[in-house]
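On the provided structure of chain A, position chain B as indicated by the hints.
Just so you know, the sequences run in chain order A and B. The first sequence lines up with residues 1 to 380 when you count with this note's numbering. The second sequence lines up with residues 1 to 173 when you count with this note's numbering.
Be a bit skeptical, because a hint or two may be false.
[Claimed, not checked] These stretches of chain B come out as covered by chain A in the derived footprint (C-beta under 8 Å, 3 or more residues): (1) 44-53; (2) 58-72; (3) 75-82; (4) 86-97; (5) 113-123.
[Stated by the list, open to error] Simulated DEER-style distance windows between Cβ atoms: (6) B:V48 x A:D147: 31 to 37 Å; (7) A:T179 x B:A109: 30 to 36 Å; (8) A:M1 x B:V48: 30 to 36 Å; (9) B:E111 x A:K236: 26 to 32 Å; (10) B:R59 x A:K236: 52 to 58 Å.
Hints are computed from structural coordinates only; laboratory data are not their basis. Every residue gets a Cβ at the ideal spot worked out from N, C-alpha and C, and that includes glycine.
For reference, the chains in residue letters:
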Amino acid sequence: MTDVYAVGVGMTRFGKYPDRDAFDLGAEAALAAIKDADIDPRMIDGAYFGHVYQGMNAGQRVTGHIGISGIPVTNVENVCSSGATAVREAQIAIRAGEHDVVLAVGLEHLSSKFRGALAPEEGDVEGAVGLTMPGVYAMRARRYLADFGLTHAQLGMVAVKNKANAAMNPFAQYQKTVTLEEVLASRPIAEPLNLLECSPVSDGAAAVILMTGDKARQLGKGRAIRLAASALRSGKVESEPSSMTFEPLTRDTANAAYEVAGIGPEDVDFAEVHDCFSIAEALRVEGLGLFEQGTYLLAVERGEAQIGGRLPINPSGGLLGKGHPLGATGAAQVVEVVRQLRGEAGQRQIDSPRVGVAHCRGGKAAGVEGAACTVQVLVR
Amino acid sequence: MTTTSAEMSQAGMPFVPGVLEVGPDGKGHLVGAHCPGCGASYFPARSVCSRCLRGDLERVPLGSSGTLYTYTVIHQSLPQFETPYILGYVDLDDNVRVAGQLVDVEADAVELGMRLTLQVEPLASQTLASQPLQSGEVGEGKQVLWFRFRPEAAASGPPVPPTGKPPTGKEQP
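Isolated chain B (complex conformation):
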């Protein structure tokens, strides 16, 4: 399932190197590490298992379902982020905790323990208040990909537009 670097460069660039991939089906996922010895999982991926020190960790695609451990509404942030936005720590069913933004939900409807779905999607420039290092498109129509969480029921449809096409903006609420 691992995407080659050529495929990845067609689909888009991860917003942080190595943290996510897009499979041949066009669906994106986070990349973690799994210890074949003790079963521990890590995100971001690491070289050596902190629990048993095995050095042959496997890079694995992480699933998209998880439970909200805690959250905040951020009102003051770095210049590239338009405020306010909801940010949470989500415990994926793969037993790793991931920080990410929550969308398609009102702040007062967010509840600890709610089920969420992670979606890899283009990082739209409208998400950003000013022009940062990252933007929705890079160079020859290449997209920067990142991820956000949605309530389980609200998440549907192909998360990433077909390879090569620019973001439509439809993915942004």
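Bound conformation, chain A alone:
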């Protein structure tokens, strides 16, 4: 099978941009990735764009901005995994022999679309009774803490860790550390989750240039990072009530990715995971098989998941610290994994990692575990 390499990455700082739109942000990220790849943009022979709320032909609006109009452009929507799905579609096109050099971009201008809590799918019965996304995760948190005999303070340490990492990331929305006391004293959003345990409303974009291994070697791309696997699964309809403290969807997606990459969870050196809420990080890493079920918060307490720990999780600051412009998030995770594997992550650099994982998932409707989940494995 054709090898696929990430040869260029770029992103905007995540944050709130009242004076810019998603397409302008997407163009900034794409140009940064092209510059980082150091290629002639005319080599790009296909482009994939992931977003949730940016309307029709968002991708063409970006390629029009940056002088590469005319090439095949595909727009994808897969809730919070939209950017990750754009990366996955790009690598499928390369492996299929359709394209040699592909641009994948995630973009979102959420602050112009929403304030406060996001609801599940429009028209879904759970949203109509008043369930919000923070509410879904708050309920999972309540049950998780009860089932494993853990405290809210132990959960709050996830936010402390991720915001500390974000403070070292110039692309993060929040670059300020917080204390556990501040997390626990922040206003309640959906009990037990407080404001500092919820990812913010963010705008931003992130981009990745992928190419075949042959092309990368031919062009002498020494900093290229191999995209060893990019798996996608959708949540199954539940035929009976099941545990909400474990994620079969994350497990199944991860197993599919590990198999293609020829690795197991024990080979993973660090991971960027979808920590839309503090509890989400525990559910993700346990679903990924990186920690035993019910043990992650204890591992965080022992410092195992911080930069310098045994298995750093979300060195970028994650969604809690870096921000969460829905469609951009999955692409930004790949940007961080590539930077870490290249050794270009500055102050937040992990000590010589070889295998990094990016995990994204999103969407919720009544009777379904989740909508879309992606796991990507990148290897130096």
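Coordinates of chain B only, in the frame set by chain A:
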């Protein structure tokens, strides 16, 4: 037991199409799907069984009793919901999990595993902070019906007022 569309339009409109019905006795219930092949139950109703792929699922009325799996108190929500409110996932005895609001109970008295009863009732405008798409009355005195959970002992009385009459507000705590 299935309500005809004419009867339903007399009693009120479901807040989400197809998720609940009112029987001839005036009592409302959720509508699920049951697989005659493997016995799986679904809410909301589906066309094909995810477990055994049978396509002849029966639409069935769901019972009103269940056990609280987990809950939260929501402080920030969409504009049409007045906060705070308690929201839980309830495992009905029919083996389906349903999200709904809990009323007639203080937040600090809610416990995982407590028994709850589902009641179909008019969606009162006082439940809502602003005028949304849904409201307690629609057009010619028709009500929008939804459901909430109450602790088993607290739930009593006819959940839905007689057909045709507007909500009295008595149903709202």
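Here's how the hints hold up against the structure:
With 5 residues having a beta carbon nearer than 8 Å to a beta carbon of chain A, the segment 44-53 of chain B meets the requirement of three or more and the stated coverage holds. Only when three residues or more bring their CB closer than 8 Å to a CB of chain A does the claim for the segment 58-72 of chain B stand; here the count is 4, and the claim holds. Beta-carbon proximity to chain A at under 8 Å applies to 5 residues in the segment 75-82 of chain B; the threshold of 3 is reached and the given coverage holds. Closer than 8 Å: that is the beta-carbon criterion, and the segment 86-97 of chain B has 7 residues meeting it against chain A, so the requirement of 3 holds.
For a cut-off of 8 Å, the count of residues in the segment 113-123 of chain B with a CB near a CB of chain A stands at 0, and the three-residue condition is violated. The beta-carbon spacing between B:V48 and A:D147, approximately 32 Å, falls within the hinted interval of 31 to 37 Å. The hint said 30 to 36 Å for the Cβ distance between A:T179 and B:A109, and at roughly 32 Å that hint holds. Judged by the Cβ atoms, the range 30 to 36 Å given for A:M1 and B:V48 holds: they are separated by roughly 34 Å.
As the Cβ distance of B:E111 to A:K236 is approximately 30 Å, the hint placing it in 26 to 32 Å holds. The given range of 52 to 58 Å is broken by B:R59 and A:K236, whose C-beta atoms sit roughly 22 Å from each other.
This entry does not satisfy hints 5, 10, going by the numbered hints stated previously.
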